[in-house]
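Chemist: Sequence:
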Amino acid sequence: MKIINTYSFKGGEKFLKTKHPKELKEVQDAIKALDATLCLTKESKEKTKKGQVLFSPVDMNNYLKLVCHQKGWTTKAEEGKKRKFVEPRHAFGKGRFREMDGIKNKVGLEIQFGKYAFMGYDIFSKMIIFKNLKYIECGIEIVPSNELVKFMSTGVSSFEQLLVDFEHRGESNIDIPVFVMSIGLTDEEKTKSQTLRELFRTNKKEALLKIKLRKYNGSAPGPK
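Count along the sequence shown starting at 1, add 29, and that's the number in our numbering.
What the hints contain is simulated information worked out from the structure, not anything from laboratory work.
Among the clues, some could well be false.
Dumping the calculated BS3-like pairs for lysine-lysine here, alpha-carbon to alpha-carbon at most 30 Å [unchecked claim]:
{"#": "1", "residue 1": "Lys160", "residue 2": "Lys61"}
{"#": "2", "residue 1": "Lys51", "residue 2": "Lys133"}
{"#": "3", "residue 1": "Lys144", "residue 2": "Lys113"}
{"#": "4", "residue 1": "Lys78", "residue 2": "Lys234"}
{"#": "5", "residue 1": "Lys31", "residue 2": "Lys51"}
{"#": "6", "residue 1": "Lys239", "residue 2": "Lys31"}
{"#": "7", "residue 1": "Lys100", "residue 2": "Lys244"}
{"#": "8", "residue 1": "Lys31", "residue 2": "Lys74"}
{"#": "9", "residue 1": "Lys244", "residue 2": "Lys234"}
{"#": "10", "residue 1": "Lys105", "residue 2": "Lys160"}
{"#": "11", "residue 1": "Lys79", "residue 2": "Lys113"}
Build the full structure now, drawing on both the sequences and the hints.
Modeler: Okay, structure coming up:
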């Protein structure tokens with residue numbers, strides 16, 4: 030995949046390039062290493078996209094975490110566990126907790142393929158909580174581009190939607206530097222995924238020899 034657009038919130042890009050260039054490059058490299066066509070694994074049941082094969086947010090998230098895990102951003106879950114990775118977590122007691130997709134050297138990482146409210150929550154609330162707890166001093170947020178969202182389930186928000194909050198909310202003295210990167214398909218991925226989607230529409234049996242559909246329970250993502 031590739032980075033389509035970026036937004037530097039409260040000087041996030043400069044802050045990371047100055048104080049955490051290694052961590053920033055690791056996340057950028059993880060994006061470039063992801064072959065999006067491997068995530069073309071969700072058969073849509075929605076009326077407007079019924080019968081189409083879509084990109085799975087879960088698979089994209091897991092592939093990105095796998096590469097980041099190899100660089101120490103998170104730990105792998107025990108064998109047999111439903112979740113593949115153990116995200117950095119802070120417990121507040123009585124079953125209350127908050128967790129991030131990754132933390133390394135005071136840099137917090139969030140990979141968000143949910144509704145736009147969750148994107149804003151990551152940046153304007155969760156990252157501030159982790160900063161107050163002394164875990165992080167800045168953040169990186171990965172979100173899908175508007176172009177990528179067209180080939181995902183309805184309800185997934187995009188970088189362009191998040192810009193509305195940035196432009197109209199402004200910055201607060203409690204905010205922390207965050208660098209937002211929107212990701213999308215390379216030209217090669219566009220061609221390959223288009224071919225696979227068309228094959229799935231016209232010859233599903235043959236397409237399933239090249240596409241591995243995942244079981245999708247449809248549980249809604251939310252803040253954590």
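Chemist: Does each hint fit the structure? Answer for all of them.
Modeler: Evaluated hints:
About 28 Å separates the Cα atoms of Lys160 and Lys61, which keeps this hinted pair within 30 Å; it holds. Of the supplied pair hints, the one linking Lys51 and Lys133 holds, its CA atoms being roughly 10 Å apart against a limit of 30 Å. Proposed proximity of Lys144 and Lys113 is supported: the alpha carbons are some 22 Å apart, at most 30 Å. With a CA separation close to 19 Å, the supplied pair Lys78 and Lys234 stays within the 30 Å bound.
Restraint check for Lys31 and Lys51: satisfied, since their Cα atoms lie roughly 18 Å apart, inside the 30 Å limit. For a cut-off of 30 Å, the pair hint linking Lys239 to Lys31 stands: about 23 Å separates their Cα positions. As the CA atoms of Lys100 and Lys244 are separated by approximately 29 Å, the hinted pair is consistent with the 30 Å bound. Taken as a hint, the Lys31 and Lys74 pair is honoured in the structure, with Cα atoms around 28 Å apart against an allowance of 30 Å.
With a C-alpha separation of about 17 Å, the suggested pair Lys244 and Lys234 falls inside the 30 Å cut-off, and the hint holds. Of the supplied pair hints, the one linking Lys105 and Lys160 holds, its CA atoms being roughly 24 Å apart against a limit of 30 Å. Pair hint Lys79 plus Lys113 holds up; C-alpha atoms about 29 Å apart against a cutoff of 30 Å.
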